[in-house]
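Student: What follows is each chain in one-letter form.
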Amino acid sequence: MDSANLDQIIEQHRGKPGDLIHVLMEVQHQNHWLPRDVLHQIAEALNIPFSRVLRIATLYKTFSLTPKGRNEVHVCTGISCHLRGANKLLDAVERATGIKPGETDAGWRFTLDTGSCLGSCSIGPEIIVNGTHHARMTPAKVEDVLKEYQ
Amino acid sequence: MSDVVMQIDGKEVKAGGDMTVLQAARAAGIHIPTLCHHDKLEPFGACRMCMVEVETRGRMSYVVSCLYPVAKDLVVRTRSERVDKIRRVILEELLAHAPNSPELVELAREYRADRDRFDKDPSFCILCGLCVRYCAEVKQKNAVDFIERGALREISFIPEIAKKECWECQECFALCPTSYAQAAYFLTEALAFPGRRKASAQSA
Amino acid sequence: MTRLNSAAELEQLRAGILSSRDPAKPCIAVCAGAACHGLDSVRVAQAFQAEVAKLGPGAGLEVRVTGCHGYCEKGPNVVVDPEGICYFEVKPEDVPEIIACTLKKEVVERLVYAHPDTGERAVHIGEVPFYKHQMRLLIGDNTRIDPMRIDDYLALGGYGALAKALFQMTPGQVLDEVKKANLRGRGGGGFPAGLKWETAKNAPGKDKYVIVNAHEGEPGAFMDRALFTGNPHKVLEGLIIGAYAIGSHRGFIYTRHDSPQLICHIEQALAQAEEYGLLGENILGSGFDFRVEVHYDVGIFVSGESSALMRSIEGNPPEPRPKYIRTSVAGIWDRPSNLNNVETWANVPQIISRGADWYRGIGTEGSKGTKLVSLSGNVVNSGVVEVPMGTPLRTIVYDIGGGIPGGKAAKAVHFGGPMGGSIPANLIDAPLDFDELAKLGAPIGAGGLLVMDEDTDMVDVARYFLEFLTNESCGKCVPCREGMRQTLKVLTNITKGKGREGDIARLEDLNDVTGAACLCALGRTASDPLKSMLRYFKVEYETQIARGSEGRSGNAAGSAAT
Chain A
1 MDSANLDQII EQHRGKPGDL IHVLMEVQHQ NHWLPRDVLH QIAEALNIPF
51 SRVLRIATLY KTFSLTPKGR NEVHVCTGIS CHLRGANKLL DAVERATGIK
101 PGETDAGWRF TLDTGSCLGS CSIGPEIIVN GTHHARMTPA KVEDVLKEYQ
Chain B
151 MSDVVMQIDG KEVKAGGDMT VLQAARAAGI HIPTLCHHDK LEPFGACRMC
201 MVEVETRGRM SYVVSCLYPV AKDLVVRTRS ERVDKIRRVI LEELLAHAPN
251 SPELVELARE YRADRDRFDK DPSFCILCGL CVRYCAEVKQ KNAVDFIERG
301 ALREISFIPE IAKKECWECQ ECFALCPTSY AQAAYFLTEA LAFPGRRKAS
351 AQSA
Chain C
355 MTRLNSAAEL EQLRAGILSS RDPAKPCIAV CAGAACHGLD SVRVAQAFQA
405 EVAKLGPGAG LEVRVTGCHG YCEKGPNVVV DPEGICYFEV KPEDVPEIIA
455 CTLKKEVVER LVYAHPDTGE RAVHIGEVPF YKHQMRLLIG DNTRIDPMRI
505 DDYLALGGYG ALAKALFQMT PGQVLDEVKK ANLRGRGGGG FPAGLKWETA
555 KNAPGKDKYV IVNAHEGEPG AFMDRALFTG NPHKVLEGLI IGAYAIGSHR
605 GFIYTRHDSP QLICHIEQAL AQAEEYGLLG ENILGSGFDF RVEVHYDVGI
655 FVSGESSALM RSIEGNPPEP RPKYIRTSVA GIWDRPSNLN NVETWANVPQ
705 IISRGADWYR GIGTEGSKGT KLVSLSGNVV NSGVVEVPMG TPLRTIVYDI
755 GGGIPGGKAA KAVHFGGPMG GSIPANLIDA PLDFDELAKL GAPIGAGGLL
805 VMDEDTDMVD VARYFLEFLT NESCGKCVPC REGMRQTLKV LTNITKGKGR
855 EGDIARLEDL NDVTGAACLC ALGRTASDPL KSMLRYFKVE YETQIARGSE
905 GRSGNAAGSA AT
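Residue numbers (the numbering used here), protein chains in the order written: chain A, 1 to 150; chain B, 151 to 354; chain C, 355 to 916.
Pulled out of the complex, with its shape left as it was, chain A reads as follows (with noise of 0.2 Å):
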């Protein structure tokens, strides 16, 4: 992430505690990712223990501690999703990208995820791919799907 960037958000928040999460969710959002480096410069200037820091990072599942790959694919497992099939589904996304949720492969091309319920229970099971939503989706189209996101 360039610094700069990271810097004007930092300053935009510095000395205010209560602003933890907005700091954290910014940069999650840019980078990605939370480098452990960043998390000290962000409690040094919030003014909280990195510990604290830490805590919060850890307990939101938005925020990550590792680098990401390039496509983010998150197989929503809503209990409508599970009613209608969303295990075989993410069994496929699985088998196809050889990573289990919480993973990254080693080529950096996927990270893989489940998630609860989108709000979008009618046209489940679903996977998203960076952002974008692919409905209705069968074990069998996964290949054709993922096929598009290198």
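Just so you know, the hints here were simulated from the structure itself, not pulled from any lab data. In this text, all values refer to a predicted model and were calculated from it rather than measured experimentally. Worth double-checking, as some hints may not be accurate.
Stated by the list, open to error - Heads up, simulated DMTMM-like pairs for lysine to aspartate or glutamate below, C-alpha to C-alpha not over 25 Å straight-line:
hint: 1; chain 1: B; residue 1: Lys289; chain 2: C; residue 2: Glu668
hint: 2; chain 1: A; residue 1: Lys68; chain 2: A; residue 2: Asp37
hint: 3; chain 1: A; residue 1: Lys16; chain 2: C; residue 2: Glu621
hint: 4; chain 1: A; residue 1: Lys16; chain 2: B; residue 2: Glu310
hint: 5; chain 1: C; residue 1: Lys850; chain 2: C; residue 2: Glu904
hint: 6; chain 1: C; residue 1: Lys793; chain 2: C; residue 2: Asp863
hint: 7; chain 1: C; residue 1: Lys852; chain 2: B; residue 2: Asp271
hint: 8; chain 1: A; residue 1: Lys61; chain 2: B; residue 2: Glu310
hint: 9; chain 1: C; residue 1: Lys850; chain 2: A; residue 2: Asp113
hint: 10; chain 1: C; residue 1: Lys677; chain 2: B; residue 2: Glu287
hint: 11; chain 1: A; residue 1: Lys141; chain 2: A; residue 2: Glu103
hint: 12; chain 1: B; residue 1: Lys289; chain 2: A; residue 2: Glu44
hint: 13; chain 1: A; residue 1: Lys61; chain 2: C; residue 2: Glu668
hint: 14; chain 1: C; residue 1: Lys677; chain 2: B; residue 2: Asp234
hint: 15; chain 1: C; residue 1: Lys793; chain 2: C; residue 2: Glu719
hint: 16; chain 1: A; residue 1: Lys16; chain 2: C; residue 2: Glu647
hint: 17; chain 1: C; residue 1: Lys555; chain 2: C; residue 2: Asp643
hint: 18; chain 1: B; residue 1: Lys235; chain 2: C; residue 2: Asp866
hint: 19; chain 1: C; residue 1: Lys843; chain 2: B; residue 2: Asp269
hint: 20; chain 1: B; residue 1: Lys235; chain 2: C; residue 2: Glu855
hint: 21; chain 1: C; residue 1: Lys843; chain 2: B; residue 2: Asp271
On the provided structure of chain A, position chains B and C as indicated by the hints.
Tutor: Coordinates of chains B and C only, in the frame set by chain A:
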């Protein structure tokens, strides 16, 4: 705040108006078991061992005494079939993690808890948070904290801080009911500053 | 935009907006709700906009990109007003034909609803079975509003209730009206909103806060997002009225970070309301000040619990606190804090403008008004539904939902997600009512209604919810963290055919203690799904456990023989 008169286990008890039920009970010599409570620390309300039955205006409820404020005419029962069941199941759940912790074993005897009731998951930590809170509230060093969430929650010494602060302190070890704080700390030592102990012994 | 300094100026502005609009001019509303968006409705909307641009300024019709229409199953949805013609599963290539027909006052027959069995067609929104059994007081405006434009809301009478409250009513009268309406909280507990407001209003302290809980983290619940994304001003207007009644000058919206559209619409709504002087200092010249800020959950379910949510707004980890002192007395920074969910706030403007007596005319004795329901699972027509309280669940599942797909039978319906309960299909005539459903063991919760067909494994459903909560709780208190961990282990073993004798007793003990001893509502109600399962589907559990025990003893015998 002015004193209030209430009833604990059928005994009339006078308590300071800003006390908790646990404080009032202890002041009156009535024992309520706790795991996460410490007089020097803010009440935490996590272990739920100190649950008691309270009755206000005819309504009965189950509350944790370490946080529940005293009130005039409050009726408290520190033991009942249901209170004992709650404590028994909580102990059985914790014994799955630390089956040989003397504190837990002792309480298990009192509440007839079966340490083999549930599948073992020997993490050794019962997450009472005494180390975390002592480090934050009393020592103000924040060298150990909770990380992760839900069933994945654990305590973690922060190597960067532990390296500077823990060597001279280690006061949290004596608070830990399972000795897991020590284990976690030594792992951190091995990771962040290995060999210091040996070097220090040789130079002594 | 000019700042409005009185109720009269608001009415002038409204009159101006209405006079600039021709009510007979066709308006094509393209749904951009979550499901339609996932079905690429963006391209449909772009196609409409491109076609209209080609026609030039005298196009004779307008296009409006709106929030969720409700019938998610058949998206992308398009509604042509003023007639309310509904087109379903619209693709970009259908667009020129829709425009051509609309201009000729004709209907594109191939895109209207056809009943799957009889083939019978339904053209207008009031005739489509999914819509015709509903009463869409809250969500119905979604097709007429571009959520990015406050003028669309004003054109429908928006902020009229706020003006009425500020200039014709005292805060006490507003409170009395809400109490009289018996509006009950839509977030889960069904606690009377008016009583909560009153507690906060009477609590000592100058600084008081009001909060919109727009967290909606429960799997299978998507109605609040549909309402808030599609009609943000309705919620905001309710919040400002509530703040006025309670005497609060600072409000918070707590929502999920993962709905970019929702965030964008909320921010735009706040900015536009402030520009018009409907928010901020001296609202409409009344002397009442009120500001709102937005905070985000970044991915943990427990942060939707009210005390955890308040910790999070303070900047602390979202760990619940016991409510021995209520949050309406000591909430954010220990100050009186009144929290209601999206749908509850959205009900307020109509109660003020149409009166408590009108509102009490809808619903049952104990549950007034309409209720939004997210209908999903094994049902033909999933989507966002709004019906009067008291509507039989059968109407929702069969008349609106179209029944179970694939000719299967219903096995159970489940309300309230991971903190709710399941009831068997033979109780499907039960009314949608806070108290009746709670008695049956399937409390409405926020309103996620999940339909399960005959193939559903009820042990797996309980296991699913436990697994969800195990990962989404804070992990602070023992009976929640450890109780759920052990319950999940037992249930997982049963589903894998490794059930053991004594499992039912183990489950009952764990569930009992979790329900009684947990620190917050998440923990205490985490036991509810399983409780309902053991009430109605115990035989299924016993059968699966027996299969496991038999399997094991069979294996043991086999290995002994070899």
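Student: The structure should be examined with respect to each hint, and the outcome stated for every one.
Tutor: The hints, checked one at a time:
1. Lys289(B) to Glu668(C): holds, 24 Å
2. Lys68(A) to Asp37(A): Roughly 17 Å between the alpha carbons, so the hint for Lys68(A) and Asp37(A) holds.
3. Lys16(A) to Glu621(C): Cα-Cα ~22 Å, so holds.
4. Lys16(A) to Glu310(B): The given pair, whose Cα atoms are some 23 Å apart, holds under the 25 Å limit.
5. Lys850(C) to Glu904(C): Given pair Lys850(C), Glu904(C) holds - Cα atoms ~13 Å apart, limit 25 Å.
6. Lys793(C) to Asp863(C): Holds. Lys793(C) to Asp863(C) sits at ~21 Å (cutoff 25 Å).
7. Lys852(C) to Asp271(B): holds, 18 Å
8. Lys61(A) to Glu310(B): holds, 24 Å
9. Lys850(C) to Asp113(A): Cα-Cα ~24 Å, so holds.
10. Lys677(C) to Glu287(B): At roughly 23 Å apart (the allowed maximum being 25 Å), Glu287(B) and Lys677(C) satisfy the hint.
11. Lys141(A) to Glu103(A): Distance ~22 Å between Lys141(A) and Glu103(A) Cα, so the pair holds.
12. Lys289(B) to Glu44(A): holds, 19 Å
13. Lys61(A) to Glu668(C): It holds: about 20 Å lies between the C-alpha atoms, which stays within 25 Å.
14. Lys677(C) to Asp234(B): Holds, at roughly 23 Å.
15. Lys793(C) to Glu719(C): holds, 15 Å
16. Lys16(A) to Glu647(C): holds, 16 Å
17. Lys555(C) to Asp643(C): With Cα atoms ~16 Å apart, Lys555(C) and Asp643(C) stay inside 25 Å; holds.
18. Lys235(B) to Asp866(C): Since the Cα atoms of Lys235(B) and Asp866(C) sit roughly 9 Å apart, the hinted pair holds (cutoff 25 Å).
19. Lys843(C) to Asp269(B): Holds. Lys843(C) to Asp269(B) sits at ~8 Å (cutoff 25 Å).
20. Lys235(B) to Glu855(C): holds, 21 Å
21. Lys843(C) to Asp271(B): holds, 11 Å
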